[in-house]
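A.B. asks: Now for the letters of each chain:
There are 2 protein chains.
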Amino acid sequence: MSLLVLGSIALDTVKTPLEERADLLGGSASYASLAASFFSPVQLVGIVGEDFPQENITLFRKNRIDLEGLQVVPGKTFRWSGEYLWDMNQRETRSVELNVFENFSPELPESYRSARMILLGNIAPALQNHVLDQLTRPHFVIADTMDLWINVAKEELVRLIARVDMLILNDGEARELTGETSLIKAGRRIREMGPSFVAIKKGEHGCLLFGENQFFSCPAYPLEDIHDPTGAGDCFAGGLAGYLASRQLDALDPSKKQEISFELLRQAVVEGSVIASFNVESFSMDRLRTVTSADIAERYGIFRTLSRFEGL
Amino acid sequence: MSLLVLGSIALDTVKTPLEERADLLGGSASYASLAASFFSPVQLVGIVGEDFPQENITLFRKNRIDLEGLQVVPGKTFRWSGEYLWDMNQRETRSVELNVFENFSPELPESYRSARMILLGNIAPALQNHVLDQLTRPHFVIADTMDLWINVAKEELVRLIARVDMLILNDGEARELTGETSLIKAGRRIREMGPSFVAIKKGEHGCLLFGENQFFSCPAYPLEDIHDPTGAGDCFAGGLAGYLASRQLDALDPSKKQEISFELLRQAVVEGSVIASFNVESFSMDRLRTVTSADIAERYGIFRTLSRFEGL
Chain A
2 MSLLVLGSIA LDTVKTPLEE RADLLGGSAS YASLAASFFS PVQLVGIVGE
52 DFPQENITLF RKNRIDLEGL QVVPGKTFRW SGEYLWDMNQ RETRSVELNV
102 FENFSPELPE SYRSARMILL GNIAPALQNH VLDQLTRPHF VIADTMDLWI
152 NVAKEELVRL IARVDMLILN DGEARELTGE TSLIKAGRRI REMGPSFVAI
202 KKGEHGCLLF GENQFFSCPA YPLEDIHDPT GAGDCFAGGL AGYLASRQLD
252 ALDPSKKQEI SFELLRQAVV EGSVIASFNV ESFSMDRLRT VTSADIAERY
302 GIFRTLSRFE GL
Chain B
2 MSLLVLGSIA LDTVKTPLEE RADLLGGSAS YASLAASFFS PVQLVGIVGE
52 DFPQENITLF RKNRIDLEGL QVVPGKTFRW SGEYLWDMNQ RETRSVELNV
102 FENFSPELPE SYRSARMILL GNIAPALQNH VLDQLTRPHF VIADTMDLWI
152 NVAKEELVRL IARVDMLILN DGEARELTGE TSLIKAGRRI REMGPSFVAI
202 KKGEHGCLLF GENQFFSCPA YPLEDIHDPT GAGDCFAGGL AGYLASRQLD
252 ALDPSKKQEI SFELLRQAVV EGSVIASFNV ESFSMDRLRT VTSADIAERY
302 GIFRTLSRFE GL
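Those protein sequences? They're chains A and B, same order as listed. Each residue of the first sequence is one higher than the one before, counting from 2 in my numbering. Each residue of the second sequence is one higher than the one before, counting from 2 in my numbering.
Think of the hints as simulated: they come from the structure by calculation, not from any bench. None of the values given here were measured: they were computed from a predicted structure. Take the hints with a grain of salt, since some may be wrong.
Put simply, identical chains are the same to the list, so a pair is met inside one copy or across any two.
Claimed, not checked - Here are the simulated DSS-like pairs of lysine-lysine, each with C-alpha atoms no more than 25 Å apart in a straight line: (1) 203 x 186; (2) 16 x 186; (3) 16 x 203; (4) 155 x 186; (5) 155 x 203; (6) 63 x 77; (7) 16 x 77.
Throw the hints in and build the complete structure from the sequences for me.
C.D. replies: Shown next, in the form of structure tokens:
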């Protein structure tokens, strides 16, 4: 089954203490689509300008990412520039040029409207709601967000949260959204806002997954060096959603349709963590261009070893 | 097998946003001994003044904590007073009265010198080294420490670290001791200083255990409310060490002596986390006074559920 992915597509300039690179493929939809494509075909919804390099289009196509929903319009592609401080834990945005993104109104092609598995990647919640309005029978909707939208579009975000099956956000955002210091309380509070499932990302500390009276603590992969954290959250969401889509063999055939159980979501959270852990090993999507299914399966096994312990 | 526990014994005054209580039994050795006693007998090494309440002595004795190594001397018991801020994550020390602690020089009774399993609880590293000097054939030595000793007694602490089998410290302390921001690098660096094993406690994010080319990420128990975090780290160390001692049925009989393997340490880290998670549910050691072996076994099972996920 295909996964529909909405989000930004950008050309990034990233500076780390060791290196600076420009015109990198970036944006939430780019990262999430490529991450998801390891598990399932993707239908991409986004916008770029006429300056968007053909090699990126080629990369998407090569990875079974359908581009019927990609608008290519006169003007320049969205640009973002950021700098990581010496410990790679803090990031400063240096500049943002909205360009063609400024007037983006995602209109789904007819063939996308019946999508069942949806990832509303990090983008303005008004656009996330607008895409949701166009879907005829969504089966499972995942939304990712960021602190910016809590600050500038909270009402619209709260309206979105009430409509989705799963919300993904990081620890600071969960605390900001709920006013709770305890992440355990924050997870419960967000579930009360609508979603059956909530994933709270904690960076180097892994991820917490909340369901109804169910809880999963996913470890972080013990990386010694992080070369570029950009897109890690988008890869997590994309890998997670792509894995879920891959397990829904045919949503129209009940015998092949798997329930989105908490057990399945545990695995999906690990798959998302695996893809994100690869992504931060290189700039932009360089590592994702070379990683293989065997690499992913091997690291999934390592995640099992990390947190395994015997009964008494 | 008995566990030898060295550390402080205190009368604490603790203030949280909801409550303030005085003259509570506290100190690293008190918490660690009571935590360990769920798994093994304890030989306690510490000092108190003549004002130390008899009911605390009774509590120790009732929990198979041997007090031959407890010095009761003229003067007042060590007192500590602290306050937790509203989110319970930050603590301010309000006052410290060293009292009898000021001239403490732990001298082991003859029967303690042959101890095989040792927990050097949080106390000045000079005292930890001094106890280590008196042991005739230690099998496995665990040391706990805190930021104070990194700041005021680093040389002595580094000398201690080189002599122990396992070091326990928290994330901030690991970063301060090594100058590494990455906890993964910090864990490796501390192992290079001597100990075969390092446990880095991360509070609400659980704990990391490092061995030679081995790594374990232990989840935190998802508590919504913490009533008093005092002693959580000491309970973790005590539970861990007590569990290891309980698995060494008879160190003199090779057929009954179990190797301290990484597998066994994974379980010990979880047992320590279980005891610590109970301890923070009430003031002082109130919760540990009522918790049962069945409670502990049940929560160990919950820890397994928290981080479990299926293979692909």
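A.B. asks: Evaluate residue 16 and residue 77 at a C-alpha cut-off of 25 Å and name the case that applies: within, between, both or neither.
C.D. replies: within (22 Å within a copy, 59 Å between copies)
A.B. asks: What label fits residue 16 with residue 203 when the C-alpha limit is 25 Å: within, between, both, or neither?
C.D. replies: Cα proximity of residue 16 and residue 203: one copy only (23 Å, versus 29 Å across).
A.B. asks: At most 25 Å between alpha carbons: which applies to residue 155 and residue 203, within, between, both or neither?
C.D. replies: So residue 155 and residue 203 pass the 25 Å test inside one copy only (22 Å; across, 31 Å).
A.B. asks: When no copy is named, should residue 16 and residue 186 be tagged within, between, both, or neither for a Cα gap of at most 25 Å?
C.D. replies: between (36 Å within a copy, 23 Å between copies)
A.B. asks: Could you figure out if residue 155 and residue 186 sit no more than 25 Å apart (CA to CA) within one copy, between two copies, both or neither?
C.D. replies: Result: close within a single copy only, 20 Å intra versus 39 Å inter.
A.B. asks: Go through the copies and call it for residue 63 and residue 77: within, between, both or neither, with a Cα cutoff of 25 Å.
C.D. replies: within (24 Å within a copy, 76 Å between copies)
A.B. asks: Checking residue 203 and residue 186: alpha-carbon separation at most 25 Å within a copy, between copies, both or neither?
C.D. replies: For residue 203 and residue 186, both the intra-copy (15 Å) and inter-copy (18 Å) Cα distances are at most 25 Å.
Violation of the numbered hints given earlier is absent; every hint is satisfied by the structure.
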